[in-house]
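S.K.: Chain by chain, the residues:
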Amino acid sequence: MKREIPLIITFSVGVLLILSVFIPPTEHWGETFSLFFDIIAVFAFFLGGGNLVRTHISKLSGKKAGWVYSAVTLAAFFFMLAAGLFKIANIGGIGAPVTENGSLFQESFNYVMNPLGATMYALLAFFIASASYRAFRAKNREATILLVAAFIILLGRTPLGVAVTSWIPDSWDIFQIPNMAIWIMNSPNLAGQRAILIGIGLGVASMSLRVILGIERTYLGEDKG
Amino acid sequence: MVSTANQGDRRCATNLIRLLLVTFAVLLTFLHNRALADNSAVDTSSVVSASITPLAPPTSLVVSDHVYDNAERLDLVWVPSIDDKLIASKLIEYRVYRITDSGDGQRIAVLPAGANSFSDENVESGHQYSYYITSVGADSEFPSISSEPIEPEREWLNYHLISLLLICMIIGVAITYFIETARRGKKLFIRRIAGLEAIDDAVGRATEMGRPILFIPGIQDMDDVGTVAGVTILGRVCRVVAEFDTKISVPTSRSLVMTAARETIKTAYQTAGRPDKYSDDMSNYITDEQFGYVAAVNGIMVREKPATCFYMGTFYAESLLLAETGNSVGAIQIAGTSNPMQIPFFVVACDFTLIGEELFAASAYLSSEPKQLGSLKGQDLGKAIALTAITIGVIAATGSSAWHIGWMQDILNALESIFLTR
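Residue numbers (the working numbering), protein chains in the order written: chain A, 140 to 364; chain B, 543 to 964.
These aren't lab readings, by the way, just hints derived from the structure by calculation. Here the structure is a predicted model, which means the values were calculated and not measured. Mixed in with the good hints, there may be bad ones.
To be verified - Straight-line Cα separation of at most 20 Å, EDC-like style, residue types lysine to aspartate or glutamate; simulated pairs:
# : chain 1 : residue 1 : chain 2 : residue 2
1 : A       : Lys202    : B       : Glu846
2 : A       : Lys203    : B       : Asp822
3 : A       : Lys198    : B       : Asp823
4 : B       : Lys808    : B       : Asp822
5 : A       : Lys203    : B       : Asp922
6 : A       : Lys203    : B       : Asp823
7 : B       : Lys913    : B       : Glu900
8 : A       : Lys198    : B       : Asp822
Given these sequences and hints, build the entire structure.
M.R.: Okay, structure coming up:
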């Protein structure tokens with residue numbers, strides 16, 4: 140029964156939710172089931188929090204490599220937990236939400252968490268530069284096409300691209316670099332993206348059907364379909 | 543004579559007094575009437591102001607039931623006020639009023655000038671509703687004629703989606719047919735996927751180098767089909783990992799994914815005959831925060847220098863941050879994502895990338911089970927339908943716009959009615 144019950148639930152819910160898309164009185168069922176998922180995920184969060192604490196306490200107590208990071212992680216975890224749970228230095232007191240501007244919890248989030256996240260995101264600019272350098276080396280025919288297309292788009296989106304080809308008459312304006320960049324983005328690029336999207340859509344349908352019919356069970360911790 | 547003179551004076555005085563009284567009465571009457579006129583204007587000012595130029599109300603208000611819904615919506619359409627079209631229009635806005643079957647009128651919406659439609663989504667089956675719209679000026683409001691009462695109706699099948707339902711059924715039947723065909727033992731051709739063929743080599747490399755394998759199942763939860771695909775691939779990878787007795791680490795950004803990943807790894811180790819090698823520490827929860835997760839995983843990469851990195855699931859901006867760090871530590875990298883925007887980043891930074899549906903096909907491909915491979919063939923039929931429809935659509939669109947061929951426009955319209963859902 141331990142194996143059958145999850146499969147029965149998966150099949151029933153899967154079929155119901157597919158049908159609910161086509162039957163107007165049941166079209167809100169998807170949102171309702173998402174709420175069920177959120178409730179389960181909240182309970183799972185305790186599991187995640189517990190795992191985080193256990194892992195880092197283990198590293199700290201064993202003075203394993205990088206234990207200092209574990210100490211910082213645990214300190215930050217318990218600090219935010221206390222600030223949110225006990226509403227320490229909360230604007231409006233214990234009855235007010237912790238997300239009010241000026242509360243310790245929200246200020247910590249705004250002035251510590253957000254800048255740190257933004258810092259990580261900003262690193263993307265440097266990573267894009269290094270990845271582009273590797274990708275755009277004209278090693279073969281495909282890479283050369285990629286390089287030329289990238290160069291046109293890069294130039295077409297800068298004032299230099301406009302200035303360089305502005306002398307081309309309007310009757311031949313497709314050869315102006317900004318227009319070439321627009322054409323590359325709207326025609327070959329969009330066509331390729333849509334082809335991938337159609338493939339993904341069909342892949343999702345096939346995968347979902349395998350899961351609903353119980354052919355694919357690996358995610359349930361079962362090996363054989 | 544004196545008495546005659548006195549009598550004449552008295553008569554004059556009397557007439558004068560009468561004249562004054564009449565004048566006073568006329569004045570009073572005039573003031574009274576003006577006061578009445580003022581009061582009358584005040585009483586009606588809530589609807590019509592006599593002191594300003596009146597605004598024309600909207601006309602031809604039509605209320606209809608929204609088709610194929612759960613009796614939750616009525617659609618209103620009207621012809622805007624003539625004043626709405628004037629350059630210096632005094633019309634500021636339209637107000638929509640709803641009258642329920644109990645007779646209560648209630649303002650339900652304020653719309654900007656120029657509006658000519660509105661949908662009331664707060665109606666219920668079993669009640670009748672009528673509406674009127676008012677043109678609103680600076681200090682006046684002019685109502686339209688009320689619409690006929692109407693009751694929202696409930697439909698049991700959304701006919702707008704009937705073509706989608708049919709396509710789903712065709713693909714579903716095809717997948718089931720090919721699964722049964724494969725189950726009966728017919729050999730099905732599945733094209734080679736380089737990224738999946740490389741899994742054994744990638745795991746072997748990590749074993750030879752004595753370094754761990756890092757598997758990232760995306761940053762979404764288990765309600766995302768990309769994550770489910772990632773976890774199923776994890777199961778297949780872990781069986782090879784268990785056979786090679788290599789160390790694997792699966793940091794997750796969701797608690798439920800951690801639980802599912804642990805179950806999957808445990809089963810893979812049991813299947814490989816190495817249950818004793820399994821440990822819960824193989825999968826850990828990091829954080830739900832996107833860039834916090836990236837920082838932690840990048841830290842793991844830099845410290846532990848994994849020989850192989852797998853990225854299978856749904857990724858966003860973190861894709862390149864992770865893959866470039868993996869590249870910098872010299873790991874062989876295999877990626878697959880359901881997010882088309884992130885595929886180029888993985889292509890440039892990873893050794894192998896599963897594109898589009900390959901991520902969802904990976905589990906079936908790796909399992910080599912006939913039932914699973916059959917589902918891939920069914921999926922191919924869907925692709926064939928899409929390819930045929932696109933080819934016909936492109937030819938029809940070109941023919942109808944370039945040479946104005948009528949029957950090609952008809953084909954185009956037919957394809958739009960089948961594939962475009964409203």
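S.K.: May I ask which of the numbered hints given earlier this structure violates, with the numbers listed in increasing order?
M.R.: 5
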